[in-house]
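Undergrad: Next come the chains, spelled out residue by residue.
Protein chains: 2
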Amino acid sequence: MKMRQIILLTLLILANMSFSQTVNTDISETIIALEKRALEKWNQGDPSGYLDLSAEDATYFDPSLERRLNGLDSLKKYYEPIKGQINVSKYEMLNPKVTAVNNMAVLTFTLHSYKAYNISKWSCTEVYRLEPNGQWKIVHTHWSSFMKQ
Amino acid sequence: MKMRQIILLTLLILANMSFSQTVNTDISETIIALEKRALEKWNQGDPSGYLDLSAEDATYFDPSLERRLNGLDSLKKYYEPIKGQINVSKYEMLNPKVTAVNNMAVLTFTLHSYKAYNISKWSCTEVYRLEPNGQWKIVHTHWSSFMKQ
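Residue numbers (this note's numbering), protein chains in the order written: chain A, 1 to 149; chain B, 1001 to 1149.
Just so you know, not all the hints are guaranteed correct.
[Said to hold, decoys possible] Quick list of in silico lysine-lysine cross-link-like pairs, PhoX-like style, CA-CA up to 20 Å:
| hint | chain 1 | residue 1 | chain 2 | residue 2 |
| --- | --- | --- | --- | --- |
| 1 | B | 1137 | B | 1002 |
| 2 | B | 1137 | A | 97 |
| 3 | A | 2 | B | 1002 |
[Said to hold, decoys possible] Simulated DEER-style distance windows between Cβ atoms:
| hint | chain 1 | residue 1 | chain 2 | residue 2 | range |
| --- | --- | --- | --- | --- | --- |
| 4 | B | 1074 | A | 102 | 22 to 30 Å |
| 5 | B | 1089 | A | 67 | 16 to 24 Å |
| 6 | B | 1083 | A | 82 | 39 to 47 Å |
| 7 | A | 135 | B | 1103 | 14 to 22 Å |
| 8 | B | 1132 | A | 83 | 44 to 52 Å |
| 9 | B | 1145 | A | 33 | 26 to 34 Å |
Just so you know, the hints here were simulated from the structure itself, not pulled from any lab data.
Note that the Cβ used here is the ideal one computed from N, Cα and C, for glycine as well.
Modelling step: build the complete structure from the supplied sequences, incorporating the hints.
TA: Structure follows, in structure tokens:
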């Protein structure tokens, strides 16, 4: 290998290391902001935020489903009857945490949703993938409810 | 940029593309095998398979937890009283699906666990990360139960 190639490779490796070190905070902030925007629409009965944010191959679990939903079209059909049915007056996204590599990240948080005098408690996992166009899209969603024992 | 550098960069990019195209089947098989090995130990009351497979920064949700567990040590403490308490006679991992990039992957499946005449139905999300030593480790687990409505 020629010296010029070695220098070029070294520079590429260094650039990549520096990217890995600085990128995680930015990814966390970006992803939490995307999730909050979609969630705030959802809380007003509008699932379009989550649908716009989900990839074509997105998959989905929640406690009312016996099997996984596969693909954005299935998710669209599933959300259709829910449109306008949700009215959350207040929400808290607790302890959001993003674990990321350069082009995939998992966001987890606890959600407290308030409707009148009721509070419902949810655990949420969202897996995001950085698409070739530079947009983060959800490739998998998992909602579950806290069940008192 | 010199011609030699252009050629080298092109080769690097091509090598990387080829890696992306061929790697996904292998990743799926590897990860499903890792998960099954840990699950089969679990079904005999031995959580060590999952503990060995989880990263130091692993996080965890299941329906009995009001908040996420953070870190392998928390998971170890949580599993400690469960040791020897589980005896699943038969399991089915239904529709396992892996969505992967080069160094992170999400495995999702439905689990049917049989104990005597009871069947319990679970949705499972496992996020794996490829560690610098070449091992895939779980960085996040989410279990939820199917609730009939």
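Undergrad: Hint by hint, note whether the structure agrees.
TA: Do the hints match the structure? See the list:
no., hint, verdict
1, B:1137 - B:1002, "41 Å, violated"
2, B:1137 - A:97, "18 Å, holds"
3, A:2 - B:1002, "13 Å, holds"
4, B:1074 - A:102: 22 to 30 Å, "27 Å, holds"
5, B:1089 - A:67: 16 to 24 Å, "23 Å, holds"
6, B:1083 - A:82: 39 to 47 Å, "41 Å, holds"
7, A:135 - B:1103: 14 to 22 Å, "20 Å, holds"
8, B:1132 - A:83: 44 to 52 Å, "46 Å, holds"
9, B:1145 - A:33: 26 to 34 Å, "31 Å, holds"
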